[in-house]
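Listed below, chain by chain, are the residues.
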Amino acid sequence: MKLMSVFFLSVSSMVFAASPTTAQSTQIAESAESRSAREIMSTVEDYQRVISDSAFNRIQLSSCRFGLQDNQITCAERPRVKALESVAINLGDDKRDTKAVTIVLEPASERGIGMLNFSYDDAQLDNETWLYLSALGTVKRIASGNSDDDTEPASVFGSEFTTEDQDTGKLEEYEITMLEEATESGREVWKIQTVPNAERARKTRYGRTVQYIDKERYVALRVDMYDRHDREVKRLMASRVEQINGVWVARSLTMMNLVTNRLSNMAILEINTGIDVPENFLTQRTLTDVAFREAELEKLRAQID
Amino acid sequence: MSALTRTLLTVLLLPAMAHAQDSVDFNFDSSIFDDSSLFDATVRSPRLFTFKLSQQTYGHINKHGGFDISSQPDNQSRGTEINRTGLLVKYQNPFAQGWLLQGSAQAKGYWSGDYEYEANGESIDTELRINELFVQRSSERHSISFGRQTIVWGETEGNSVLDIINTSEFRDLTIINIEDARRNQWLLVWDYFGDASDGNRSDAQSKGNWSTFLNLYPEFNPAPVRGSPFFFEPQFNLSDYRRDQPLFEAGTRWSRSFTGSDIALMGAYLYENQLRYSAPADGVGDALAENNGFWLLGFSANRAIGKLLLKFDIAYNHDLLADTAVFQQGVLPEAQLPRISTRKKSQLGTSFGFEYAISNEQNISIGVLAQRLLNADEGLAVNEILLNDDVTGNILLRYSNSMSNNNLLLMVTAQSALDGASQLLSLAANYNLNDNWAVMTQLIATRASKDSPLQFLDQDVRLGATVSYSF
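Just so you know, the sequences run in chain order A and B. Mind the numbering: the first sequence is residues 878 to 1182 in this note's numbering, read in order. Mind the numbering: the second sequence is residues 1266 to 1736 in this note's numbering, read in order.
Excised from the complex, chain A in its bound form:
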């Protein structure tokens, strides 16, 4: 599971729902076009890593059942809203691994629920997640869902975003192909298809994805996700693209589940990068020791005020 990374690598990772990153592909014979597409995807992810390093973000996660009104998707019920704070740092070779912690601030019934996540770029390493539930009184390691047949990834805080949607790295496990150049949301985009290789196919629910990458800003504006029967099951829409620290970022990400007719919107209200985050903060202690967590969060908040 990579629950946390979504909040830091959000923009890129959504997109990488089934996409990879590193340009060191070894297993897939590539045409000139696919190599170009791979470079684009790698660039997109590299850009996004810039904003995921030493980051302190505030996120609002809204979910609802949706309907169609005047050819416009809209919520058919009052959205359920969660307020989250998250902190992350990148580590490892080329800083491609991520440690992140996210705490629920609202609603009151879920306040204090926290998750700690270690995401590894290395395809051989399963990502790790720990969860703290006050009712249990202890930190609980969560069984990951990314290694067996027919895996269905876990939901992120009860939303339509799943752990797999947040997946980053492991690009070498995908065949990446440029489909065409097109227009999306008034922007010129590359339509790039990612298809998992045999090994990855055992771990993903997606048979392929089609990503609409903004040619100027290297942001995925839309991702269509297809199941193994080539039916579109989910669609990600990105908006509010803004430049932060020289990198374009989509601050609003909406995941539509076309099977259940439910959607979740992740609004990144604040993105603060370059924060001095002590590595000791990205440990299980942060989930249980509220005095420590609040003291450290105060220090982080002081850096951005």
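Worth flagging that the hints you see were computed from the coordinates, not collected in a lab. Keep in mind that the hints are not guaranteed to be accurate.
The calculated BS3-like cross-link candidates involving lysine-lysine, where the alpha carbons are at most 30 Å apart (straight line), are [stated by the list, open to error]: (1) A:K1176 x B:K1472; (2) B:K1373 x A:K1176; (3) A:K1176 x A:K1017; (4) B:K1373 x B:K1317; (5) A:K1068 x A:K1176; (6) B:K1373 x A:K972; (7) B:K1317 x A:K1017; (8) A:K1017 x B:K1609; (9) B:K1472 x A:K1017.
Over 12 Å on every C-beta distance to chain B, these chain A residues come out as not near it, computed from the model [said to hold, decoys possible]: (10) I917; (11) A1075; (12) G1084; (13) A1115; (14) Q1120.
Just so you know, these numbers come straight off a predicted model, no measurement behind them. Even for Gly, the Cβ is constructed at its ideal location relative to N, Cα and C.
We have chain A already, so just place chain B on it with the hints.
Positioned in the frame of chain A, the structure of chain B alone reads:
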């Protein structure tokens, strides 16, 4: 737009949505989520208090087939068994940098039909209890907390041989899970956190953490409440423990995480949470309550393998009191009532199991707890036998299925004694109407053989609901 209108709109639009799945394009305006007032209010003025108001009503809906204390058939269906209103208040205040004051308390009112109402002479009863109250000071490496709090050891949630520091109270059958039954104790806890940093390695884990506790006022599991489903008329009055000597519990635990695994080692001096009672010397009055101090050595570990999480606990208890039966010499055992006594013994226990994420929404876990006295015959007199030298324990199965973005949660809990003498099955559905309102319905069935200490719950079925409002 009213909720009804939204609902109707949704129903009418479902066919359109089905079509939309096949279409390539539709418009979406994310500005409907631009309102950040909830977040702004939360960050600027975090609330210190949260409240949960609940009404719980359960009925005992079948006639069970048990026997009362005089071995007379008891087939009385109680009808309404639980009818109570509760208010749970939680308080969390990081009042200064590195300091925390945290507490929780609950008030309950027992209305007509509730067994506590009946036990109170058919009149309304109330109860106020502080569950948690502690102050904590944390620095970069250390944390010290004092007050009523919880310590959970072991990996096998629900039936771990190591989760024995806090006492518990299973007052009635609506309380099935240990996390609901656990009672906090007055503890002084000192935690030391090792350095998590290891250069630039992202998979570097903590070098190990220490957690040490001291309890100068150990408590014990409370006796069953009169009238509750677990209450049985005792032969003698079950009194509280008389603290005519100082008691203390202390222990320490070292834990460390590795990639894909967490491990812990622990040692402690503890008292068995359940007091032991013996008949008064003169045969009348209060039963004699006796504590059971023992030494614990334990080890716990987990291992994540994809969607599978394996869990393992092992506990070695030394100097634990075990019940024995002492027979008069020269008289046939079948022809006499033995005298009940105790002997210090050692016990080995283990709990192990797994959790498996079947899918995004479904999760199943199974845990087995088993323990046995070691060297059963060692130290016994020739006319003395252990009352129980078998393997004892239970099996716990939990299954959950969450739907509709976790708004609807279906839960199945099944528990059985290892020897099959008693079983419990709970089917529950929890539905969150919104962030405030939730409804849970629950069906609980129990079965027990005549040899089981829970035989009075044989063939019982209970059905109930809890409505809660959180704010």
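Outcome of the hint check:
Among the hinted pairs, A:K1176 with B:K1472 is consistent with the structure: their alpha-carbon atoms are about 24 Å apart, no more than 30 Å. Restraint check for B:K1373 and A:K1176: the C-alpha separation of about 40 Å exceeds 30 Å, so the hint is violated. For the given pair, A:K1176 sits about 27 Å from A:K1017 by alpha-carbon distance, which is consistent with the 30 Å threshold. For the given pair, B:K1373 sits about 12 Å from B:K1317 by alpha-carbon distance, which is consistent with the 30 Å threshold.
Between A:K1068 and A:K1176, the direct Cα distance comes to roughly 43 Å. Violation of the 30 Å bound is thereby established for this hinted pair. Taking the CA atoms of B:K1373 and A:K972, the gap is near 53 Å; set against the 30 Å cutoff, the hint is violated. For the proposed pair B:K1317 and A:K1017, the alpha carbon gap of about 25 Å is at most 30 Å, so the pair holds. This hinted pair does not check out: A:K1017 and B:K1609 have alpha carbons roughly 35 Å apart, beyond 30 Å.
In summary, the hint linking B:K1472 to A:K1017 is supported, as the alpha carbons are separated by about 19 Å, within the 30 Å threshold. No Cβ of chain B approaches the Cβ of A:I917 within 12 Å, the least distance being about 22 Å, so the stated non-interface status holds. For A:A1075, the requirement that its beta carbon stay farther than 12 Å from each beta carbon of chain B is met, with the minimum near 17 Å. For A:G1084, the condition that its CB be more than 12 Å from all CB atoms of chain B holds, with the nearest at approximately 16 Å.
Here A:A1115 does not stay apart from chain B, with its beta-carbon only about 9 Å from theirs, under the 12 Å limit. For A:Q1120, the shortest C-beta to C-beta distance to chain B comes to about 18 Å, beyond the 12 Å cut-off, and the non-interface label holds.
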